[in-house]
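Given the coordinates of chain A, work out where chain B should sit on it, guided by the hints.
2 protein chains.
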Amino acid sequence: MARTISVIGLEKIGLVKPGDDVALLILDSLKSEGQELMDGDVVVVSQKIVSKADGLLVDISSIKPSRRAISISKRTKKDPRLVELILRDSRKVLRADPQAVIVERKHGFVCLNAGVDKSNVRGRTVYSRLPEDSDESAKELRIHIEKMSGRRIAVIVADTYSRPFRVGQVEFAIGISGIEPIVDYRGQEDLFGYELRYKFVALADEVAAAAELVMGQGTEQVPVAIVRGLTRLVRNESEGSSRKLLLGRRRDLFSKIL
Amino acid sequence: MARTISVIGLEKIGLVKPGDDVALLILDSLKSEGQELMDGDVVVVSQKIVSKADGLLVDISSIKPSRRAISISKRTKKDPRLVELILRDSRKVLRADPQAVIVERKHGFVCLNAGVDKSNVRGRTVYSRLPEDSDESAKELRIHIEKMSGRRIAVIVADTYSRPFRVGQVEFAIGISGIEPIVDYRGQEDLFGYELRYKFVALADEVAAAAELVMGQGTEQVPVAIVRGLTRLVRNESEGSSRKLLLGRRRDLFSKIL
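So the sequences go chain by chain: A and B. Position 12 of the first sequence, counted from 1, bears residue number 12 in this note's numbering, the numbering being contiguous throughout. Position 25 of the second sequence, counted from 1, bears residue number 25 in this note's numbering, the numbering being contiguous throughout.
Chain A extracted, bound-state conformation (with noise of 0.2 Å):
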C-alpha cells in the first residue's frame, strides 16, 4: 500500500477575535465538516489567528516612537511608530534601509519586521506581533484540544517567511509542541550499506509548508489545517521546540557567503 499523508484545510473558522478559545473553534469547525480529530494529527494552525486570540494586537496611533525609531524610520521610510513596534520586539537590528528591516528576535529568530504585520488585521493603523513564546503558544493550544477531544495530537503554529537565496516565502514553523522538529538519519545505512552523513531533516518545517498548499488563499479564510499520518512522529519522544530550528550564526554554513 501506498503511504499517504492528508492535508485538510478547516474553512470554516471565521474571524478569530481576541479571547477566542481557538481550540474549540477548531473542533468546532471539524465537526460542522463532519470530521473528528484522529490520533497522531498534527494541528497546524496559521500566527495570525493565534496572536489575534492572545489579543496581539496593537493600534500604532497610541504609540509614541522613541529617538532610535525615528531615526531609523527616516533611513527606512517607514511609520516611526511601526518601527518602534518592530524594535520592542527585537533584540538586533540587521538591516534598515528603504529596500527592508531584517531584525533578530529573542532566542534568536531573524525575520522581516520582527515579524509585525498588516495583512487580515481590521483597522489602518492596527499591526499584530509575533506571540512572546510560540513554542509556549503551541503548547497551550495542544493542551487543550487534547483535553476536548480525548486525542493525543501536535500543534505547529506556522507563519510565512522570506529566506535566503530563493525566491518567494515558506511557511515555517515557529511554534511547535508535541513532535520533535527534526528527524536525524544521521549514522543510518543507505541502500548500499554506506552511513548517511548529512541527512537531517526539518520536519516541522516542512509540515509547516505542506499545511500552506491548503491554508494558501489568504491565511485567514483557512487558518488551520490537520496533517494526517504522521502518527509514528507524533508525541513519542520530547515536547519539541521550535528554537532546535534555529541555527546561529558561529554554526551557519552560508554564513558570510551571502
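Treat the hints as calculated values from the structure; they're not laboratory data. Any given hint might turn out to be false.
Identical copies go unnamed one by one, so any copy, or any two together, can satisfy a pair.
Pairs of lysine-lysine residues, derived as DSSO-like cross-links and limited to a Cα-Cα distance of at most 27 Å, are as follows [to be verified]:
| no. | residue 1 | residue 2 |
| --- | --- | --- |
| 1 | Lys64 | Lys106 |
| 2 | Lys244 | Lys92 |
| 3 | Lys17 | Lys106 |
| 4 | Lys139 | Lys74 |
| 5 | Lys199 | Lys77 |
| 6 | Lys118 | Lys199 |
| 7 | Lys17 | Lys199 |
| 8 | Lys74 | Lys64 |
| 9 | Lys78 | Lys147 |
| 10 | Lys12 | Lys199 |
| 11 | Lys244 | Lys106 |
| 12 | Lys256 | Lys106 |
| 13 | Lys139 | Lys31 |
| 14 | Lys92 | Lys199 |
| 15 | Lys92 | Lys256 |
| 16 | Lys64 | Lys92 |
| 17 | Lys106 | Lys147 |
| 18 | Lys31 | Lys77 |
| 19 | Lys244 | Lys256 |
| 20 | Lys256 | Lys139 |
| 21 | Lys147 | Lys199 |
| 22 | Lys118 | Lys106 |
| 23 | Lys64 | Lys12 |
Using the frame of chain A, we list chain B on its own:
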C-alpha cells in the same frame, strides 16, 4: 467541505539503473498498488533516481584531478577527485574549508558540494551528479508520463538541501514542468480590503517539502510521491521553471547580513 490535499508515496519503484524508464516505473508502481494518475496530479520525483536513470553516476577513481582541485582538496580535506567532480559542476566556489564546500552552479543555484552526493549510490567511489538541466529532465518526464497515461500532470524534481538560518534540510524544487513555481498574491485584497503587499509564495518548494513527508525514510525506498489536490494550478499557465525560484545576490534581502 474541507479542502484536502493527498500526498501518496510510491514504495514499489525498486532500484533505478542507468537507462531505466522512470515514467514507466512510476506508472507500473501505481498500477501494482491499484491506483492511477489523475488529471492535475503533481508527480514529485527524487533527483537521485533521475540522475541514476540518466546515467549521471561518476566513479571518481577514473578522474584525474586538476591542480586547482588538488589545492582545494588540501584546504577541505576532501578527496581531490571528488573536488574535481564538484568543480566541474560549479561556476564559482563560494566557500571551501573542512566544514563545507559551497558553490554556485550554472544558472545561479547555490548549494553544498554542487549537489554531488554519495548517498544511495552503489560503489565506494561512485557519486551522483545533478542533471545538467533539471527543468528539461522534469519536462521530458512530464511529457512521457502524459503520453502513456493520458493525464495532464506536472512534474517536480526534488532534492534535499541545507539552508541558511535554520537547522536541518528541506526538499527544494530543482526541476519543474507544468506548474508555476510561484503563487503571487500581491495586489489582492486581504480580509479587510487592504492590499497584500508581500505575499508571494514559493509553491513548488512547498510541494517538494510536502512530498518529503512520505519520501523521508531514505528517498530511494520511496523516491516518488504524488501530490493530489492542486489541480487548479497544474498545466494552466506557462511551463514553469525552477530558475524562477533563484534569487540573485543583488535581489536577496538577506545579502550581507548573514
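Among all the numbered hints in the text so far, which are the ones the structure does not match?
Violated hints: 4, 9, 17, 18, 20, 21, 23; rest satisfied.
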